[in-house]
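J.: Taken in sequence, the protein lines are chains E and P. If you're matching positions, the first sequence starts at 1 in the working numbering and goes up one per residue. If you're matching positions, the second sequence starts at 1 in the working numbering and goes up one per residue.
Read the hints as simulated data drawn from the structure, not as lab findings. All the pointers check out, no bait thrown in.
Given that identical chains are not distinguished, each listed pair holds provided it fits within a single copy or across any two copies.
Simulated pairs of lysine to any residue, SDA-like, Cα-Cα distance not exceeding 25 Å:
1) LYS329 <-> TYR238
2) LYS237 <-> TYR95
3) LYS342 <-> GLY241
4) LYS49 <-> LEU219
5) LYS274 <-> ALA2
6) LYS342 <-> GLU115
7) LYS224 <-> ARG99
8) LYS329 <-> ALA43
9) LYS54 <-> SER7
10) LYS224 <-> ASP86
11) LYS130 <-> ALA187
12) LYS223 <-> GLN110
13) LYS217 <-> ALA187
14) LYS54 <-> ASP6
15) LYS342 <-> ARG119
16) LYS222 <-> GLY108
17) LYS322 <-> ASP38
18) LYS49 <-> GLY269
Protein chains: 2
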Amino acid sequence: MANVLDSLDSVLLMGPGPSSVNPKVYQALSRPTIGHMDAQFTALMDELKLSLRKLMFTNNEATITLSGTGSSGMEAVMCNLVEEGDQMLMITNGYFAERMVDVAGRLGAQVDTLEFPWRSPIDVDQAAAKIKGGSYKLVGMVHGETSTGVINPIEKIGPLVAQKGGLFIVDAVTSLGGNELRMDDWAIDALYSCSQKCIGCPSGLSPVSFSPRAMEKILGRKKKVPNFYLDMTLLMKYWDGSPRAYHHTAPANMYYGLYEALSLIHEEGIEKVKARHIATHEHLAAGLQGLGLSLLVEKGHRLPNLSTVMIPEGVVDLDVRKELRGTYKIEIGAGLGVLAGKIWRIGTMGHTAQKEHVDKLLGALKDILGK
Amino acid sequence: MANVLDSLDSVLLMGPGPSSVNPKVYQALSRPTIGHMDAQFTALMDELKLSLRKLMFTNNEATITLSGTGSSGMEAVMCNLVEEGDQMLMITNGYFAERMVDVAGRLGAQVDTLEFPWRSPIDVDQAAAKIKGGSYKLVGMVHGETSTGVINPIEKIGPLVAQKGGLFIVDAVTSLGGNELRMDDWAIDALYSCSQKCIGCPSGLSPVSFSPRAMEKILGRKKKVPNFYLDMTLLMKYWDGSPRAYHHTAPANMYYGLYEALSLIHEEGIEKVKARHIATHEHLAAGLQGLGLSLLVEKGHRLPNLSTVMIPEGVVDLDVRKELRGTYKIEIGAGLGVLAGKIWRIGTMGHTAQKEHVDKLLGALKDILGK
Numbered sequence: 001m002a003n004v005l006d007s008l009d010s011v012l013l014m015g016p017g018p019s020s021v022n023p024k025v026y027q028a029l030s031r032p033t034i035g036h037m038d039a040q041f042t043a044l045m046d047e048l049k050l051s052l053r054k055l056m057f058t059n060n061e062a063t064i065t066l067s068g069t070g071s072s073g074m075e076a077v078m079c080n081l082v083e084e085g086d087q088m089l090m091i092t093n094g095y096f097a098e099r100m101v102d103v104a105g106r107l108g109a110q111v112d113t114l115e116f117p118w119r120s121p122i123d124v125d126q127a128a129a130k131i132k133g134g135s136y137k138l139v140g141m142v143h144g145e146t147s148t149g150v151i152n153p154i155e156k157i158g159p160l161v162a163q164k165g166g167l168f169i170v171d172a173v174t175s176l177g178g179n180e181l182r183m184d185d186w187a188i189d190a191l192y193s194c195s196q197k198c199i200g201c202p203s204g205l206s207p208v209s210f211s212p213r214a215m216e217k218i219l220g221r222k223k224k225v226p227n228f229y230l231d232m233t234l235l236m237k238y239w240d241g242s243p244r245a246y247h248h249t250a251p252a253n254m255y256y257g258l259y260e261a262l263s264l265i266h267e268e269g270i271e272k273v274k275a276r277h278i279a280t281h282e283h284l285a286a287g288l289q290g291l292g293l294s295l296l297v298e299k300g301h302r303l304p305n306l307s308t309v310m311i312p313e314g315v316v317d318l319d320v321r322k323e324l325r326g327t328y329k330i331e332i333g334a335g336l337g338v339l340a341g342k343i344w345r346i347g348t349m350g351h352t353a354q355k356e357h358v359d360k361l362l363g364a365l366k367d368i369l370g371k
Numbered sequence: 001m002a003n004v005l006d007s008l009d010s011v012l013l014m015g016p017g018p019s020s021v022n023p024k025v026y027q028a029l030s031r032p033t034i035g036h037m038d039a040q041f042t043a044l045m046d047e048l049k050l051s052l053r054k055l056m057f058t059n060n061e062a063t064i065t066l067s068g069t070g071s072s073g074m075e076a077v078m079c080n081l082v083e084e085g086d087q088m089l090m091i092t093n094g095y096f097a098e099r100m101v102d103v104a105g106r107l108g109a110q111v112d113t114l115e116f117p118w119r120s121p122i123d124v125d126q127a128a129a130k131i132k133g134g135s136y137k138l139v140g141m142v143h144g145e146t147s148t149g150v151i152n153p154i155e156k157i158g159p160l161v162a163q164k165g166g167l168f169i170v171d172a173v174t175s176l177g178g179n180e181l182r183m184d185d186w187a188i189d190a191l192y193s194c195s196q197k198c199i200g201c202p203s204g205l206s207p208v209s210f211s212p213r214a215m216e217k218i219l220g221r222k223k224k225v226p227n228f229y230l231d232m233t234l235l236m237k238y239w240d241g242s243p244r245a246y247h248h249t250a251p252a253n254m255y256y257g258l259y260e261a262l263s264l265i266h267e268e269g270i271e272k273v274k275a276r277h278i279a280t281h282e283h284l285a286a287g288l289q290g291l292g293l294s295l296l297v298e299k300g301h302r303l304p305n306l307s308t309v310m311i312p313e314g315v316v317d318l319d320v321r322k323e324l325r326g327t328y329k330i331e332i333g334a335g336l337g338v339l340a341g342k343i344w345r346i347g348t349m350g351h352t353a354q355k356e357h358v359d360k361l362l363g364a365l366k367d368i369l370g371k
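Take the sequences, apply the hints, and build the full model.
T.: This is the structure:
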């Protein structure tokens, strides 16, 4: 029987994630697996906690990785924090914020939305008025909208939510590791991310963090969390208990990969990694404009690790992406939702965020579009 | 900074899972990652579906792997099938069946339990009477109880549940891949397992399968599944849609590992793999008895991939496990729940299920206990 794995291409991943991966991370993934209750493994979990806290600029004890992808992070934050009937405000300007509305609604939240167009950042004044005028237990937002390439000014929202006694939830799936993000200074109460974007590990894990106020709400729930797998009270007994209490069989090899990817970030230095993401983005933006392409998002609101490009009139979206993938072995992303067919999403995240990768893409696009 | 990964031991994993892993699976894990919507990746997903159906002896279309551990499989089966107020019967004789009660209860099921001791199989006549006398929408059981080492006669229960129009849910976390298990012939409607036991891949994935009748219940729900991440209607649009609809960023490298592990099983042949598990178990049972140790479970009801051994009087549980792990680099499992401190759990699953591994353990136990 032919092994399908032998036919997989090695692709330069410049879509909205997964991003390309440093060979050291692949090496880590393939180390011998170990028991999930082994003292060496729980020591590794301790290191992971510290490494994630450093990356998120938080002192939260409840900073761990979930054993699921970024989407499980969204699920976890909602299923732990939402209690039936809770008033929640979602400030939306893209696909993933709308997904948060769906997820919270399934769990019984009364979700009010404040909607902004899918190419602009949210408006702080309007958001402030809405928050002040309501009595929301939870307010949710996306930091870097993967569907549009917009970065939202979350740092201005957290303090407003805190003043009213609510909890501030942030989707940092695309932003964590490639952008300024200070969980504690910005009064974020619950944050989730993923392994496969700026952190530079393959997909499979979701780093999350909950503030003491968020954990207090969880511990004070009237009913149990309606999700055993993602119940933070049980997860913390495994991550922090003395002795550790078994909850699930942690995916050891993925944890190895995440540990290695985080170590590479800390070795390079968080500030330098952020600067590399910005420099790579600027190099890409200039190059795209040099090819006569325009970006969806206005300068100043662009996420420096995911650029959204308008597909020029007369150019067939899929033809270009197929040629990039087939001939040049480069993946870029399609538009999502209302932006499908209208934009490309070009990721420069994690190990992908290097000028030489951008040059490779720009050269390929020049060839294809110049035809 | 010291790399914690460099200090990890290479351990012979003879606990209740994870089991040791074939080097080819590690190699697969470290292949270059690829996009979750890439045609090469969705082709791999198609192969995974076929490979899992073959292993489960099922024709169910809805046979996929979840992007979470075996515990996410339990969660998924419950959150998709349980609707608030559903009458459910759980037939329990161990820790994991009791966990199923908790998980289903959190989701609003009215759970009735039929309890048996933690060392015996369930009694078919009593179960039959209970099922016939009730009107349960769902009936749940564990096939191979990881907490006790008992194998339950699930093949006799499915048809009884079907006669009454209910759906039969089976936990096959420890059994799938190492035991006779015929999903369709045995009238199982929903089954979940894990990657890290008899399948022989590291932890991180949960193969699941739903019968057409189970999918019908899910599609006919009055309310959405209260879990976006594990919603089978959305997952099937990603696994089976034309075109594929994005749902979450699949952990590509874990899928590679699972594919490779399943391929190794199919190359060896399912019947041969099963026979190897049985032969290894018998070799272990004889060896343990040769050392004067007795097994918790009566012959005839023993799970042939997880053996539970009574800890002899005067022997300190933790001292033995520490010496095994420290000096001999062998992991065995502790007792769970009411069996904590009373038994050891010795796994011979997947790549671990080889006589030479058993001999290594028996030699070490002889040294330690002979002191």
